[in-house]
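Peer 1: Residue-level listing of the chains:
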Amino acid sequence: MAYTEEELKKELETKEYEYGFYTDIESDTLPKGLNEDIVIAISKKKNEPEWMTEWRLEAFRAWQEMEEPEWANVTYKKPNFQDISYYSAPNKKPKYNSLDEVDPELLDTFKKLGISIDEQKKLAGVAVDIVMDSVSVATTFKKTLAEKGIIFCSISEAIQEHPELVKKHLGTVVPKKDNFYAALNSAVFSDGSFCYIPKGVRCPMELSTYFRINQAGTGQFERTLVVADEGSYVSYLEGCTAPSRDENQLHAAVVELIAMDDAEIKYSTVQNWFPGDKEGKGGVFNFVTKRGLCEKNAKISWTQVETGSAVTWKYPSCVLKGDNSIGEFYSIAVTNNFQQADTGTKMIHLGKNTKSTIISKGISAGQSQNSYRGLVQVSSRADNARNFSQCDSLLMGNRCGAHTFPYIEVKNKSAQIEHEATTSKIGEDQIFYCNQRGIDTEKAIALIVNGFSKEVLNKLPMEFAVEAQKLLEISLEGSVG
Amino acid sequence: MLEIKNLHANIDDKEILKGIDLKVNAGEVHAIMGPNGSGKSTLASVIAGKEEFEVEEGSIILEGEDLEELSPEERAHKGIFLSFQYPVEIPGVSVTNFVKTAINESRKARGLEDMPANEMLKMIREKSELLEMDRKFLSRSLNEGFSGGEKKRNEIFQMAMMEPKLAILDETDSGLDIDALRIVANGVNKLRNKDNAIVVITHYQRLLEYIVPDYVHVLYNGKIVKSGTKELALELEEKGYDWLKQEATV
Ligand SMILES: Nc1ncnc2c1ncn2[C@@H]1O[C@H](COP(=O)(O)OP(=O)(O)OP(=O)(O)O)[C@@H](O)[C@H]1O
Ligand SMILES: [Mg+2]
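Read top to bottom, the protein sequences are chains A and B.
All residue numbers in the first sequence are consecutive under UniProt numbering, ending with 481.
All residue numbers in the second sequence are consecutive under UniProt numbering, ending with 250.
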């Protein structure tokens, strides 16, 4: 394909934007602390309309009245919210000039994951030359989506370009005041993604398989809104298997999904935030609110592979409002060393004949604590609601913990709820058996863990599944010995 | 092929193997018999390198190389195969995937590339036919929900795939029905050649009618108390172990 100089320049600019290394507001970091002026300043810097500023302020006022929740099975030093800077312009300058300057341990992990040199550079923040090839791929990608009327852009761009859509849906699934972290996110969210699939359209590709790379650069308070209009379908991939090292300790994202009548959303996450070192120092606190709303005959599936963060607090949920709607949650959560994870899901059955499935696989190693917390709620008018939950825990060693907290609230007699839970340990006999067949211990553990996680791994899109599998291996390296 | 000299092994400071000498040449089949708890499985585990057992004295030499410092997987790479008395389950890992991993890990250790997929498939087909295995087993989770006999047949399928130099079959016959015993034993016989050796641990003469041993040893209380030819097995079947126990204590 022949490019004119001008075209190429333009392409490169949009490219830069997609990688998150570009912003139209050149600005310094705002001073530390949080108050109404800061919220207004954030909104101004992003050139937002007034309704958006107001929205943020309402959220902020609500947040001020709220208490940080303490019910989760995690302990950590609470962040000082006045000691955080809530806005910094996306970094346009590369952090390093060459890969030689990057932490060798990080590069080693990249190599094991089979990430290409170009991709490694982007992820580590090394200056890159954008290759012609990928520019044209991105262009075709954008073109295909545009032809179908699909909108896929940053949430900031959506606020500018599609205010009516954002205004209509933002905060309808996760209200501003939903919880402490959601309120904080609503007040100060930096950026995130927006996606709209028009009526009857099947999105022809996994959104973000290509854009995956830019996810590494998204901010501390990410906001995602996915709207699937009637009868549409989309599969959305979030995150990145490469370890994300971020100076920001606190991450509080909000993800809202809206599946209108007969629509289907598949939302897959592979998350690998820096979990802290072997002694438990450092590491990201990840407090996420993810929720999807299903209208009539709609379906939402959450699939997640979580290996990162020092502290994780995350419950992707489905509100099954419409009759015959379906919610699914497939999760693998790995904790090692001193990590703590309290994750699970909520399935709220409001409509008739609604169905939900929960498959949760927790793997704990080292001295980590891994908790599953799940709520299945059936309202009085949700006739014939059905839920199947299965929570399996795999322990490695004697110093880690697995906990299951299932909550079931049923107000309709016709409901059918099934809950199964198992806890197993990787036994020395299993390891010896593998060893005897020539498989070393590291590989044996990977094999056993993959087998344990198979039902969930199978739900991931093919390409993601392979990466997730490698990620599991790496996360558990050195955990038995 | 294999030479065991004055082998003493403990678990938790309790001596289980109390001085074992055994020499197995390439092309031979040895049978080890003996009462429950005499140390047969322990001997197999120690040869395979199970780390819970402490080797206090003596040595195990495979093709001139002392195995003392080698890990279980390194021993496997050198061609030692153990068909377990109690095979373990690995949920979610298919028989095919497990065997493929095992073969490729051993190849890697020998500096070879992964076995090409078509070659692997061909081999899986041949060996599963040899053992008259239902192909459905190959996609099931390893040993999960397998009947006792199915587990044993699956062990020998793995042996056929791995093509070991020294195979130790620990009570492979227990759990197999009469037809299965014949099929599995025939499979084992087809795998025999002048370059490999087989040690069969069994309680019953019946298996030895199919897999005919060159030597029979009786293990009692951690020691080999008698060795002989295949007629010894018949004698044991007839007389039991008591006369040997008496001989041993004298
Ligand atoms: N892990 C262990 N801890 C303690 N004792 C053990 C252990 N493994 C084996 N033993 C003991 O060692 C002895 C030999 O056991 P082993 O399994 O080798 O016997 P065996 O000859 O294979 O018996 P069987 O014919 O019943 O299979 C037994 O007394 C057994 O209780
Ligand atoms: Mg035994």
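Treat the hints as calculated values from the structure; they're not laboratory data.
Keep in mind that a hint or two might mislead.
If you want the ones that stay clear, here's a sample from chain A, every Cβ over 12 Å from chain B, calculated [unchecked claim]: (1) 65; (2) 83; (3) 98; (4) 99; (5) 162; (6) 163; (7) 190; (8) 261; (9) 264; (10) 353; (11) 384; (12) 412; (13) 414; (14) 417; (15) 422; (16) 443.
Think about it this way: if two alpha-carbon atoms lie no more than 20 Å apart in a straight line, the pair counts; the simulated PhoX-like pairs of lysine-lysine are [to be verified]: (17) 454(A) x 100(B); (18) 136(B) x 122(B); (19) 352(A) x 321(A); (20) 5(B) x 454(A); (21) 281(A) x 78(A); (22) 5(B) x 223(B); (23) 136(B) x 443(A); (24) 443(A) x 100(B); (25) 226(B) x 239(B); (26) 443(A) x 230(B); (27) 470(A) x 100(B); (28) 223(B) x 190(B); (29) 136(B) x 470(A).
Not the full set, but computed from the structure, chain B residues with beta-carbon under 7 Å of chain A [said to hold, decoys possible]: (30) 72; (31) 73; (32) 79; (33) 82; (34) 91; (35) 92; (36) 93; (37) 101; (38) 102; (39) 106; (40) 110.
Note that the Cβ used here is the ideal one computed from N, Cα and C, for glycine as well.
Peer 1: So, for every hint listed, does it hold in this structure?
Peer 2: Against the structure, the hints come out as follows:
1. 65: 47 Å, holds
2. 83: Non-interface label stands for residue 83(A): nearest chain B Cβ at 45 Å, farther than 12 Å.
3. 98: 33 Å, holds
4. 99: 28 Å, holds
5. 162: Holds: least Cβ distance 44 Å, greater than 12 Å.
6. 163: Check passes; 48 Å lies beyond 12 Å.
7. 190: 40 Å, holds
8. 261: 37 Å, holds
9. 264: Given that every Cβ of chain B is farther than 12 Å from that of residue 264(A), nearest at about 27 Å, it holds.
10. 353: 32 Å, holds
11. 384: It holds; residue 384(A) is separated from chain B by about 32 Å at its closest Cβ, greater than 12 Å.
12. 412: Residue 412(A) is indeed farther than 12 Å from all Cβ atoms of chain B, at 35 Å.
13. 414: 34 Å, holds
14. 417: 25 Å, holds
15. 422: Contrary to the label, residue 422(A) does not stay out of reach of chain B, its closest Cβ about 10 Å off (not over 12 Å).
16. 443: 6 Å, violated
17. 454(A) x 100(B): Between residue 454(A) and residue 100(B) the Cα gap is close to 17 Å, so the pair holds against 20 Å.
18. 136(B) x 122(B): 16 Å, holds
19. 352(A) x 321(A): 9 Å, holds
20. 5(B) x 454(A): 45 Å, violated
21. 281(A) x 78(A): Given pair residue 281(A), residue 78(A) holds - Cα atoms ~14 Å apart, limit 20 Å.
22. 5(B) x 223(B): Holds. Residue 5(B) to residue 223(B) sits at ~12 Å (cutoff 20 Å).
23. 136(B) x 443(A): 26 Å, violated
24. 443(A) x 100(B): Judged against 20 Å, a Cα distance of about 13 Å means the pair holds.
25. 226(B) x 239(B): It holds: about 14 Å lies between the C-alpha atoms, which stays within 20 Å.
26. 443(A) x 230(B): 41 Å, violated
27. 470(A) x 100(B): 17 Å, holds
28. 223(B) x 190(B): This hinted pair is violated, its Cα atoms lying about 31 Å apart.
29. 136(B) x 470(A): Distance ~28 Å between residue 136(B) and residue 470(A) Cα, so the pair is violated.
30. 72: 4 Å, holds
31. 73: 5 Å, holds
32. 79: 10 Å, violated
33. 82: Result: holds, 5 Å to nearest chain A Cβ.
34. 91: 6 Å, holds
35. 92: Result: holds, 3 Å to nearest chain A Cβ.
36. 93: Cβ of residue 93(B) sits 4 Å from chain A, so the hint holds.
37. 101: With a minimum Cβ separation of about 6 Å from chain A (threshold 7 Å), the hint on residue 101(B) holds.
38. 102: 4 Å, holds
39. 106: 4 Å, holds
40. 110: Where the cut-off is 7 Å and the nearest Cβ of chain A is about 10 Å from residue 110(B), the hint is violated.
Violated hints, in rising order: 15, 16, 20, 23, 26, 28, 29, 32, 40; the structure is consistent with all others.
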